[in-house]
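Chemist: Got chain A sorted already, so can you dock chain B onto it with the hints?
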Amino acid sequence: RKEVEQDPGPFNVPEGATVAFNCTYSNSASQSFFWYRQDCRKEPKLLMSVYSSGNEDGRFTAQLNRASQYISLLIRDSKLSDSATYLCVVNRGGNQFYFGTGTSLTVIP
Amino acid sequence: NAGVTQTPKFQVLKTGQSMTLQCAQDMNHNSMYWYRQDPGMGLRLIYYSASEGTTDKGEVPNGYNVSRLNKREFSLRLESAAPSQTSVYFCASSEGGQLYEQYFGPGTRLTVT
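Top to bottom, those sequences are chains A and B. Heads up: take any position in the first sequence, counting from 1, add 239, and you land on the working numbering. Heads up: take any position in the second sequence, counting from 1, add 1153, and you land on the working numbering.
Take every hint as true, because none was put in to throw you off.
Here are the simulated lysine-lysine pairs, BS3-like style, with alpha carbons at most 27 Å apart: (1) Lys1210/B <-> Lys281/A; (2) Lys318/A <-> Lys284/A; (3) Lys284/A <-> Lys1224/B; (4) Lys281/A <-> Lys1162/B; (5) Lys1210/B <-> Lys241/A; (6) Lys1167/B <-> Lys281/A; (7) Lys1210/B <-> Lys284/A; (8) Lys1210/B <-> Lys1224/B; (9) Lys241/A <-> Lys281/A; (10) Lys284/A <-> Lys1162/B; (11) Lys281/A <-> Lys1224/B; (12) Lys1210/B <-> Lys1167/B; (13) Lys281/A <-> Lys318/A.
What the hints contain is simulated information worked out from the structure, not anything from laboratory work.
If we strip away everything but chain A, and leave its shape as in the complex, we get (with noise of 0.2 Å):
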């Protein structure tokens, strides 16, 4: 079983919409979470980090459930520059990071 799971999308939305993407990690053990944009031939790029309460940057709001071993990343009011890949990143201690595939986001205008 993966260690990270993503829905690869694509996700096409209208400009102004809110788009919801989820990632589902396997270990019980893990212990920090971020989500990462990634948009088409270049580096990864920290979007946000994720708190167990829960946190909000603007636009973008991000939630973990750990009951569920599950993250959120909500995108209010969608632009066309959000249009990228957005990565589940999952560590569970130490220098080991997992990346989930990547949600494929376009929005149209």
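Modeler: Relative to the frame of chain A, chain B by itself:
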């Protein structure tokens, strides 16, 4: 402040050839990482270096070796390239440990024929 730099950007090798991918960071980070990214597989950790002078295997280390030359530089060597090593290779650095953001280089696109 260049962040994380990688060379080369592109490379084509024949099966059995060797090469070294170079990575350097100017953020004074303790930890450095090598990942490969393949379609449908996500990024997978090859090796990492938690601090200068240490290296450890990640999820997919077979066929690779690494050297943490100093705090700034972390190289990845393919001794005898195989077509299965065709991939995009990313180097990353961070302050270290599970809580800190990783900063990635622009990647090296390697094709082995």
